[in-house]
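We have chain A already, so just place chain B with the ligand on it with the hints.
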Amino acid sequence: MKILVCISNVPDTTSKISFTDNNTKLNTSGIQFIIGPYDEYALSRAIELKEAAGGTVTVLNVGEADTEPTIRKALAIGADDAIRINAFPKDAFYVASQIAAVAKSENYDLILMGRESIDYNSGLVHGIVGELLGIPSVSPVMKLDIEGGKAVMSREIEGGKEIVEASLPLVAGCQEPIAEWKIPNMRGIMSARTKPLKVVEPADITDNIKLLNYELPAPKGACKMIDASTPEKLFDLLKNEAKVL
Amino acid sequence: MSVLVFVEGAGGEIKKSSLEAVGYASALAKKINTQAVALVIGKYSDDQINSLGKYGASKVLSCKNDKLSQPLPMPYASVIAEAAKKENADTIILSRSSVVDAIASRLALKLGAGIVTNVVDLPDLSSGFKVKKSIYTGKAFAFYDLTSPKKVITISKNAFSAVEGNGSATVEAFDPQLSDSDYKVQIKETQKATGDVLLTEADIVVSGGRGLKGPENWNLVIDLAKALGAATGCSKPVSDLDWRPHHEHVGQTGVKVSPNLYIALGISGAIQHLAGVNSSKVIVVVNKDPEAPFFKAADYGIVGDVFEVVPKLIEAAKALK
Ligand SMILES: Cc1cc2nc3c(=O)[nH]c(=O)nc-3n(C[C@H](O)[C@H](O)[C@H](O)COP(=O)(O)OP(=O)(O)OC[C@H]3O[C@@H](n4cnc5c(N)ncnc54)[C@H](O)[C@@H]3O)c2cc1C
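Residue numbers (the working numbering), protein chains in the order written: chain A, 141 to 385; chain B, 737 to 1057.
Just chain A, same shape as in the assembly (with noise of 0.2 Å):
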């Protein structure tokens, strides 16, 4: 089994955000940046698989030469070899394109990755690079299981879930609870350190959408604080005040 894991380099889900630059730009001042927490979930997977069936597990990440922390993390974890795309992740469309490009003469079984980034939450690169090869592709992806050939896989729907069948090669979104998260130990941290980190240059894509700038949301006003012992009074708050009821 021949896995490619797509990881994405975003700030940790506490990270208090904020923009510089007359809101063009993140500000990164005292942000840390982890693998994407989906992306994380199909890491874990990915070498469950291996250890379960043999094979290889690489991991992509298209982004700058700052993202290698991440990426070394994600060998630390129990990748064999990581592939980086040098080249800014603008948006799902340019990144998706970047990965199929790479992907296309490698023939890889599987083609994991998170169900969304938790920067940018678009939710599309799956559904681009499965269109772009040419295979299949499902998300969100809670359970997947190779059986003669096939992927199973148990997929999240509104209230429920749904089991579907894949022929391979696929791309599966991945999201909780589809492996434990791992988390790396001494040897994996030393081995990492020397396993394999190719850079290619990324390819020409042409873009059709522009990032312009970025806003913070309104600030919230203070909590309105109701009495424990007369908490029906909410309910005229919530219908004449608020008037969601």
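Heads up, some of the hints might be wrong.
Stated by the list, open to error - With a straight-line Cα cutoff of 16 Å, these simulated EDC-like cross-link-like pairs (lysine to aspartate or glutamate) come out:
id, chain 1, residue 1, chain 2, residue 2
1, A, K350, B, D860
2, B, K928, A, E302
3, B, K767, B, E818
4, A, K373, B, E1044
5, B, K924, A, E287
6, B, K920, A, D376
7, B, K949, B, D802
8, B, K924, A, E302
9, B, K1054, A, E372
10, A, K383, B, D939
11, B, K928, A, E372
12, B, K767, B, D860
13, B, K751, B, E937
14, B, K920, A, E305
15, B, K1057, A, D376
16, B, K846, A, D249
17, A, K283, A, D344
18, B, K868, A, E298
19, B, K924, A, E305
20, A, K364, B, E1027
Unchecked claim - If you anchor each label on the Cβ, the simulated ranges turn out as follows:
id, chain 1, residue 1, chain 2, residue 2, range
21, A, D376, B, E1044, 18 to 26 Å
22, A, D344, B, L914, 31 to 39 Å
23, A, E381, B, E900, 54 to 62 Å
24, A, M330, B, P1047, 52 to 60 Å
25, A, D347, B, N824, 22 to 30 Å
26, B, I958, A, K338, 51 to 59 Å
27, A, L352, B, P1026, 54 to 62 Å
28, B, P981, A, D344, 29 to 37 Å
29, A, L352, B, N801, 39 to 47 Å
30, A, L351, B, P1047, 46 to 54 Å
31, A, W321, B, W954, 37 to 45 Å
32, A, N163, B, I958, 40 to 48 Å
33, B, M737, A, V339, 27 to 35 Å
34, B, P1026, A, K383, 21 to 29 Å
Stated by the list, open to error - To be clear about the criterion: a stretch of chain B counts as covered by chain A if any three or more of its residues have a C-beta under 8 Å from a C-beta of chain A, and this derived list gives those stretches:
id, region
35, 757-769
36, 870-878
Read the hints as simulated data drawn from the structure, not as lab findings. No experiment lies behind these values; they were computed from the predicted model shown. We put the beta carbon where it would ideally sit given N, CA and C, even for glycine.
Below, chain B with the ligand without anything else, positioned relative to chain A:
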């Protein structure tokens, strides 16, 4: 030229979020002096189909092909692309859902269209086609200009309210070409919770956290939800402990909700939970710890024990009717 909107249903009923999308498409169509065409795939009653006209569609393409009875992204993307070409649609609107990401991404590629998801407002057309998108799980917004002639937009639930008017739509049967190569994924089984209000579609959500102490106390959450016609949710530890099913778990790694009213009972308000609820219009928090972080995100708060406060809330909610 027209605006095409994809209409999704659940259990034979058109989703509220799809009606919002129809309203959005119709408002956009008015801005650019054209008409909104709704594409509905599946078998719906005449009433359901006619309601699309009330929400602003001028025309409905109704596709009842049995091979499309299951919402598979690949054939759906092909069908919507065919409808877009037939209707000469420059902009295609979809409401974001668990299946729409996969549809919209493929659709955009088939049409060579620029795509932006999670859009929260009508486009600004004063120079170009400027859309506002929610990013960082609700912690910020980004503005994009869609420069391609064709555009695909997915809108966030509850970002645009659907208003029922008295318009009507002409209905036309649509029989698209289907290709076998689009059927590489097969749905073997659907396991659905029935009878509940769908969490992602609900106007009101009542959620419980570890403060409820155990599944045996969940009637407090359920009864309050019932009295308010709400859906029920929970925090992650609650589903990890199997007190509630996984699909009820709200937050960054669970379901994202954006109801008009979110009521959190005995939930601390960890950032990962907030990530799934912070686009709710109004947030109410009941927690015995006045320092619980959820109060910082809430509009209304009650510092108190859920076992004392919630029974009173249930009684008061029942009396609302
Ligand atoms: C990568 C990652 C992803 C995560 N994703 C999610 C997610 O998607 N969703 C999610 O919910 N969490 C998520 N979490 C977990 C999250 O960080 C919190 O642990 C979780 O939200 C806490 O749930 P809780 O508030 O129910 O429980 P607790 O943290 O145990 O809080 C219980 C609260 O109940 C209150 N309480 C106790 N007894 C009573 C009483 N009798 N009356 C009133 N109040 C009472 C307490 O004061 C406390 O505030 C994630 C964590 C990580 C690391």
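Do the hints match the structure? See the list:
Restraint check: the Cα-Cα separation between A/K350 and B/D860 comes to about 14 Å, which is no more than 16 Å; the hinted pair holds. Proximity of B/K928 to A/E302 is assessed by CA-CA distance (about 8 Å); at most 16 Å being required, the pair is judged to hold. Taking the CA atoms of B/K767 and B/E818, the gap is about 24 Å. The hint is violated against a cut of 16 Å. Between the alpha carbons of A/K373 and B/E1044 the distance comes to roughly 15 Å, so the proposed pair stays at or under 16 Å and holds.
For the hint pairing B/K924 with A/E287, the CA-to-CA distance comes to about 14 Å; that is within 16 Å, so the pair holds. Annotation: proposed proximity of B/K920 to A/D376 is violated, straight-line Cα distance about 54 Å (limit 16 Å). Pair hint B/K949 plus B/D802 does not hold up; C-alpha atoms about 47 Å apart against a cutoff of 16 Å. Pair hint B/K924 plus A/E302 holds up; C-alpha atoms about 7 Å apart against a cutoff of 16 Å.
Taking the CA atoms of B/K1054 and A/E372, the gap is near 11 Å; set against the 16 Å cutoff, the hint holds. Between A/K383 and B/D939 the CA atoms are separated by roughly 12 Å; this keeps the pair inside 16 Å, and the hint holds. For the hint pairing B/K928 with A/E372, the CA-to-CA distance comes to about 34 Å; that exceeds 16 Å, so the pair is violated. Restraint check for B/K767 and B/D860: satisfied, since their Cα atoms lie roughly 10 Å apart, inside the 16 Å limit.
Between B/K751 and B/E937, the direct Cα distance comes to roughly 7 Å. Compliance with the 16 Å bound is thereby established for this hinted pair. Of the supplied pair hints, the one linking B/K920 and A/E305 holds, its CA atoms being roughly 8 Å apart against a limit of 16 Å. The hinted pair formed by B/K1057 and A/D376 meets the criterion: a straight-line CA distance of about 13 Å does not exceed 16 Å. Simply put, B/K846 and A/D249 have alpha-carbon atoms about 24 Å apart, too far for the 16 Å limit, and the pair is violated.
Between the alpha carbons of A/K283 and A/D344 the distance comes to roughly 35 Å, so the proposed pair goes past 16 Å and is violated. A distance of roughly 25 Å separates the Cα atoms of B/K868 and A/E298; the hinted pair therefore is violated under the 16 Å criterion. Restraint check for B/K924 and A/E305: satisfied, since their Cα atoms lie roughly 7 Å apart, inside the 16 Å limit. Simply put, A/K364 and B/E1027 have alpha-carbon atoms about 14 Å apart, close enough for the 16 Å limit, and the pair holds.
For A/D376 and B/E1044, the hinted distance range of 18 to 26 Å is satisfied, since their beta carbons lie about 20 Å from each other. Distance hint check: the CB atoms of A/D344 and B/L914 are about 34 Å apart, consistent with the given range 31 to 39 Å. Under the hint 54 to 62 Å, the C-beta atoms of A/E381 and B/E900, about 25 Å apart, miss the expected range. Taking 52 to 60 Å as the suggested C-beta distance range, the pair A/M330 and B/P1047 conforms, at roughly 57 Å.
Remark: the range hint 22 to 30 Å for A/D347 to B/N824 is upheld by a beta-carbon distance near 24 Å. A hinted range of 51 to 59 Å holds for the C-beta pair B/I958 and A/K338, which are about 54 Å apart. The hint said 54 to 62 Å for the Cβ distance between A/L352 and B/P1026, and at roughly 42 Å that hint is violated. A C-beta distance of roughly 47 Å is found between B/P981 and A/D344, which places it outside the suggested range of 29 to 37 Å.
Distance hint for A/L352 and B/N801: a CB-CB separation of about 41 Å, consistent with the stated range 39 to 47 Å. Evaluation of the 46 to 54 Å hint for A/L351 and B/P1047 yields a pass: the beta carbon distance comes to about 50 Å. Checked against the hint of 37 to 45 Å, the C-beta distance between A/W321 and B/W954 comes to roughly 28 Å, which is inconsistent with it. A hinted range of 40 to 48 Å for the beta carbons of A/N163 and B/I958 is consistent with their spacing of about 44 Å.
A hinted range of 27 to 35 Å for the beta carbons of B/M737 and A/V339 is inconsistent with their spacing of about 45 Å. In this structure the supplied range 21 to 29 Å holds for B/P1026 paired with A/K383, their Cβ-Cβ distance being about 27 Å. Taking a C-beta to C-beta cut-off of 8 Å, the region 757-769 of chain B contributes 0 residues in contact with chain A, too few for the three needed, and the coverage statement is violated. Counting residues of the region 870-878 of chain B whose C-beta sits closer than 8 Å to any C-beta of chain A gives 9, which meets the bar of three, so the coverage hint holds.
Consistency note: the structure conflicts with the earlier hints numbered 3, 6, 7, 11, 16, 17, 18, 23, 27, 28, 31, 33 and 35.
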